[in-house]
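Using the sequences plus the hints, can you model the full thing?
If you read the sequences in order, they're chains H and Y.
Each residue of the first sequence is one higher than the last, beginning at 27 in full-length UniProt numbering.
Each residue of the second sequence is one higher than the last, beginning at 27 in full-length UniProt numbering.
Where hints are given, some of them may not hold.
It does not matter which identical chain is meant; a pair holds if it fits inside one copy or across any two.
[Stated by the list, open to error] Calculated pairs, DSS-like style, for lysine-lysine (alpha carbon to alpha carbon, straight line, at most 30 Å):
id	residue 1	residue 2
1	K39	K83
2	K471	K495
3	K125	K137
4	K178	K250
5	K102	K178
6	K395	K74
7	K438	K495
8	K237	K120
9	K137	K178
10	K184	K337
By construction, these hints were calculated from the structure, which means they are not laboratory data.
Small disclaimer: the values here were computed from a predicted structure and weren't measured.
Listed here are the chains, written in short residue letters.
2 protein chains.
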Amino acid sequence: FMNSEFRSRDYTKIVSPPITYIAGEEMTRYCMDLILTQCVNPFVEISKWEYFDCSCKNRDATDDQVLKDAVASGAKLGSIFKEPTVTPSATQVKQMGLKKALPSPNGAMRKGWNGITISRDTIHIPGIELGFKEPVLFDRHAVGGEYGAGWKAVGSGKLVTTFFPDDDTAPVIIEGRHLKDKNNVAVVYHNPLDNVPDLAHHFFSRCLEAKVVPYVVTKKTVFKWQESFWQIHKEIFDKDYKKKFLEAGLLEKTRGELQHLISDAATMQIVRWLDGGFGMVSHNYDGDMLTDEIAQIHRSPGFITSNLIGKSKSGNMIKEFEASHGTVADMWNAHLRGEETSFNPLGMLEALMGAMNHAAALQGGETLKVMTHYTSSLRNAIHNTFRYGEGTRDLSGPTGLTTEAFVSKVAKRLARYLERDDCGELAYGVKAAEPLPVDVDAVYKMFGDADTDRDGMLDKDEFIALLVKLGIAPLKERREETEDKAAEEAQPADPAAP
Amino acid sequence: FMNSEFRSRDYTKIVSPPITYIAGEEMTRYCMDLILTQCVNPFVEISKWEYFDCSCKNRDATDDQVLKDAVASGAKLGSIFKEPTVTPSATQVKQMGLKKALPSPNGAMRKGWNGITISRDTIHIPGIELGFKEPVLFDRHAVGGEYGAGWKAVGSGKLVTTFFPDDDTAPVIIEGRHLKDKNNVAVVYHNPLDNVPDLAHHFFSRCLEAKVVPYVVTKKTVFKWQESFWQIHKEIFDKDYKKKFLEAGLLEKTRGELQHLISDAATMQIVRWLDGGFGMVSHNYDGDMLTDEIAQIHRSPGFITSNLIGKSKSGNMIKEFEASHGTVADMWNAHLRGEETSFNPLGMLEALMGAMNHAAALQGGETLKVMTHYTSSLRNAIHNTFRYGEGTRDLSGPTGLTTEAFVSKVAKRLARYLERDDCGELAYGVKAAEPLPVDVDAVYKMFGDADTDRDGMLDKDEFIALLVKLGIAPLKERREETEDKAAEEAQPADPAAP
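Listed below in structure tokens is the structure:
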């Protein structure tokens, strides 16, 4: 029913369900403002969104009440978009004249939304090679490990860790050890496991939907306490997912079973498995390390999502969507100096579309359908803009567009697709398969350069010279005898030789 | 004085200073036996070596006394070579009929030799590209962290960690926390810091000698207790090394200062810094992860060293040299089935040469000179064998040599270099610069295939077709208008359009 309305110049805007929108800082905030103005507002009614300015200045001015309010809003609405924010250094605290150092908002968000996992997946633009060919999914346990560790610097002495159960049964000594060095740091932490089943379900469902092979990554061979993380995953997998994965043919590489991967081996496989098509779930710190490695192999953190998945007290999933990168301070400073910038907002756009889709999914029905139509059109507008070579300069090279021109181009294309009511799918499908045309002028120039006697033809000698120059001449096999080697072989073990 | 003797067929063997030789298992033991027989024994008198058979069967038969003896020998001699060993799984314990499960020998070695660092560096063969162009050095703190953690699975309750100083001053609460989940694991560990200054000196000396840029890698921005690891390095660097690094021009990339790198950022830089020429020092677990990533980027663990550096009670450095890989069980099984194998022993040979050089360095003087002459000849014999395309199949492809043929070829070349008394340097230098010869027959075949009208010349059309087939035809710039895109641009936002 909405479709006809897309065709009219005066769109009846989609009404977006409520979203918690957390605004941040610098280049990314500037660019999101462009996107909201040009790609969202003309098509989507966003009056139900709850907006929170989590810039340092506003957090400071409100004594961080704005962050508390944002977290409360997110817990209520269940779908959150967050721009990159700044966690100010001591220097920045002074520069910005803040009352005190502000902590990263991550802690408050993970706690307020009962964070289970941080999902970080590769973003793909069909027809453009980034790093991994097929999707790579990652779920990083959002709690536990060294992030919340207690510690102190100590001398030599005995370190005793004791557990006093809530049920008032007898205390248990976790461990006693004698530190013999003169200088030590003692570190204690815990891994809470109650939400690991939720993590497992989230991870396996996603892998199944994306048709990728799941791997559970730990260092349990040495860090024996990590065994339970694996066991919980294994039990849930065997009970609820194994059959489905087998049917989908996704366990052929893993002998029909869920596979465990040792964390340091995972650092190697990420380099090797460039075809993608796999998922990994891991503890908190391992996930921190491995997802950054994945991001770099897949070109940069700009092409990786970062979504915090939690659960409300009533059992609904809370999903917060953000880009994997920061506020891009360098580019912001260039912009402030009046220089041209070319910031790639793909990660933020994916996050925004994720939040809008999740908000719509929470409502379901017609809202979801209409929203999906909008976000599909937007995604195709972005992808096609990159694929037409009108992307930002990180992908399209020096001839790529500026930050502002890119957003405008996407907005124009989006308007056209919504009018045409085809989500841009036609262009999308045709382009991906179509080879780029040969630059005949350039070929003729190569030919002319190679044609050294200028007779309009290449003879064999000119051909060899060209291949050598291009570095593509077939070489003799390395085993072929070379003069020096032949000499070596011929030389008898002659004691009289000089 | 020895040089003339190398020229005679009846070599006066070099007398090697004592080395602790730890033998292991499977393919790697088999190959080391070939190497000892053909590349060492004919040229080096090794009767002073102390040999320990640390195979599972012998460890079991001696109730692991052999490992204790090997560790004691290593502590005494200061230079150790170790073949890969097997730490038997429960299945292997049964299969081999062992009395009980044997622990990895690593713990006993690290403890017995007061392990400071595990040094893992890239191995390079001049003229053959592996991964990193220039050397990458890594020092991983050999003690501390989660490897020796205490832990227990617990329910909800209070976890209290207390420190009782040896000097009988008042106990200190490291931390108290309330675990609220029903299922948790509590984990406690410590990082001993007394040998970090030794680690720092070892690391910076190595970086300076190899002319690479040093980086200290931690997660101290979040894991605040790691600050002291950085501080110790920073103080030692500024006091003893900064001036030398500045003079060597090695701090240009780091603004003249020692640079800290966050561990997850390090996973990214390892992917990006393919030119090599850097060193990293890190905590124990980070080093485990990062060195495996480096190994994979540099093709495989076969091209990375693994040396445990410790210190005797009298203050002498103990150095244990081993390959980064395991016993290569798959290849061993193939060998047992009578199949041909092609095992690359480069990592083990580097380790053996390292141990021999270090043993000689502990004696100094003429011994060091003579030993260096031998190991340089051996290294060149290995490198040249690879560079003549006679390497193992991992590098030289399907036409590469078998395990046995490769060792024989290296041995022959070594004999020739020792006779010639030039360390093989001539071949070495000439070959690296010499381009491989064009395979003219193959070029003519390409030419013939492309010359579709068989007139003995390529015209422009034949040339274009060839470039397209080779996938190297210059393409029009992506920004070039394509039909579909032009149509899009031309299409006005016409509300009446269908």
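Taking the hints in turn, this is what the structure says about them:
In this assembly of identical chains, K39 and K83 lie within 30 Å of each other by CA distance neither inside one copy nor across copies; the values are 33 Å within and 77 Å between. In this homomeric assembly, K471 and K495 come within 30 Å of each other (Cα to Cα) both inside a single copy, at 14 Å, and across copies, at 18 Å. Proximity of K125 and K137 under a CA criterion of 30 Å is satisfied intra-copy only: 24 Å inside one chain copy versus 50 Å between copies. Within a single copy, K178 and K250 get their C-alpha atoms as close as 24 Å, and across copies as close as 10 Å, so both meet the 30 Å cut-off.
Proximity of K102 and K178 under a CA criterion of 30 Å is satisfied in neither setting, with 38 Å inside one chain copy and 36 Å between copies. In this assembly of identical chains, K395 and K74 lie within 30 Å of each other by CA distance solely inside one copy; the values are 18 Å within and 81 Å between copies. In this assembly of identical chains, the alpha carbons of K438 and K495 never lie at most 30 Å apart, being 44 Å within a copy and 37 Å across copies at closest. Taking the shortest alpha-carbon separations for K237 and K120, neither the intra-copy value of 50 Å nor the inter-copy value of 39 Å comes in at or below 30 Å.
Proximity of K137 to K178 under the C-alpha cut-off of 30 Å is found in both arrangements, the shortest distances being 24 Å within a copy and 24 Å between copies. Only between protomers do K184 and K337 lie at most 30 Å apart by alpha-carbon distance; the minimum there is 25 Å, versus 40 Å within a single protomer.
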